[in-house]
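Residue numbers (our numbering): 1 to 152.
In short, the hints are calculated from the structure, not lab data.
Check each hint, because a few of them may be wrong.
Each pair of labels, with its calculated beta carbon distance range [unchecked claim]:
1. V45 to V10: 51 to 57 Å
2. Q106 to E76: 21 to 27 Å
3. S101 to M1: 49 to 55 Å
4. G21 to P62: 20 to 26 Å
5. V9 to D91: 41 to 47 Å
6. I15 to P44: 43 to 49 Å
7. T116 to K80: 21 to 27 Å
Small disclaimer: the values here were computed from a predicted structure and weren't measured.
Just so it is clear, CB atoms sit at the ideal spot from N, CA and C, and this is done for glycine as well.
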Amino acid sequence: MDPLWIALVVVGLVIASTLLGFAWQNRQGLVTRTRQVSLPPDVPVALVEATTRLTLLQFSGPFCSYCAAMRRVLSEAADKNPREVSFREVDITDYPELTRSLRISQTPTTLLVSHTGHLISRINGAAKPPVVAQEIHEALETRKAQSDEYLI
Numbered sequence: 001m002d003p004l005w006i007a008l009v010v011v012g013l014v015i016a017s018t019l020l021g022f023a024w025q026n027r028q029g030l031v032t033r034t035r036q037v038s039l040p041p042d043v044p045v046a047l048v049e050a051t052t053r054l055t056l057l058q059f060s061g062p063f064c065s066y067c068a069a070m071r072r073v074l075s076e077a078a079d080k081n082p083r084e085v086s087f088r089e090v091d092i093t094d095y096p097e098l099t100r101s102l103r104i105s106q107t108p109t110t111l112l113v114s115h116t117g118h119l120i121s122r123i124n125g126a127a128k129p130p131v132v133a134q135e136i137h138e139a140l141e142t143r144k145a146q147s148d149e150y151l152i
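Model the full structure from these sequences, guided by the hints.
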């Protein structure tokens with residue numbers, strides 16, 4: 001085979017893998033918000049901290065390389081609002097049925113859950129601290145607005 005063709009194939013593979021890497025990286029930390037409140041709760045109340053309005057529930061795996069970094073981000077976010085936000089980590093191997101029912105397909109996955117166990121939003125992958133802070137703020141404000149509607 002001609003060396004020029006080999007070089008072109010190698011360059012093409014490098015460009016294709018780089019583009020795939022960028023596409024994968026852009027999907028990390030993707031936030032999905034839920035619009036409706038479901039009954040019964042999405043998450044067992046035993047996993048939710050009842051003394052705070054919001055629980056950050058991180059689903060981690062035993063071989064997850066990003067979970068430790070996300071654990072730090074989430075615990076720092078919870079420490080900034082100790083009366084409003086709590087943090088718990090769940091090992092997916094301990095709760096396989098829950099992992100399946102919540103359609104958790106990657107670790108880390110973080111669920112923002114109300115004190116009643118209802119899912120507010122989810123963060124797939126590792127997210128940056130400003131994304132987590134914004135989600136917490138919006139979740140708390142949305143919950144406050146919804147509760148204010150009933151204070152007539």
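Hint by hint, here is what the structure shows:
1. V45 to V10: 51 to 57 Å: Since V45 and V10 have Cβ atoms about 56 Å apart, the given range 51 to 57 Å holds.
2. Q106 to E76: 21 to 27 Å: holds (22 Å)
3. S101 to M1: 49 to 55 Å: Holds: the Cβ-Cβ distance is about 52 Å, inside 49 to 55 Å.
4. G21 to P62: 20 to 26 Å: holds (25 Å)
5. V9 to D91: 41 to 47 Å: With Cβ atoms ~43 Å apart, the hint holds.
6. I15 to P44: 43 to 49 Å: Holds: the Cβ-Cβ distance is about 47 Å, inside 43 to 49 Å.
7. T116 to K80: 21 to 27 Å: Holds - the Cβ-Cβ distance for T116 and K80, about 23 Å, lies within 21 to 27 Å.
Of the hints listed earlier, there is not a single one the structure fails to meet.
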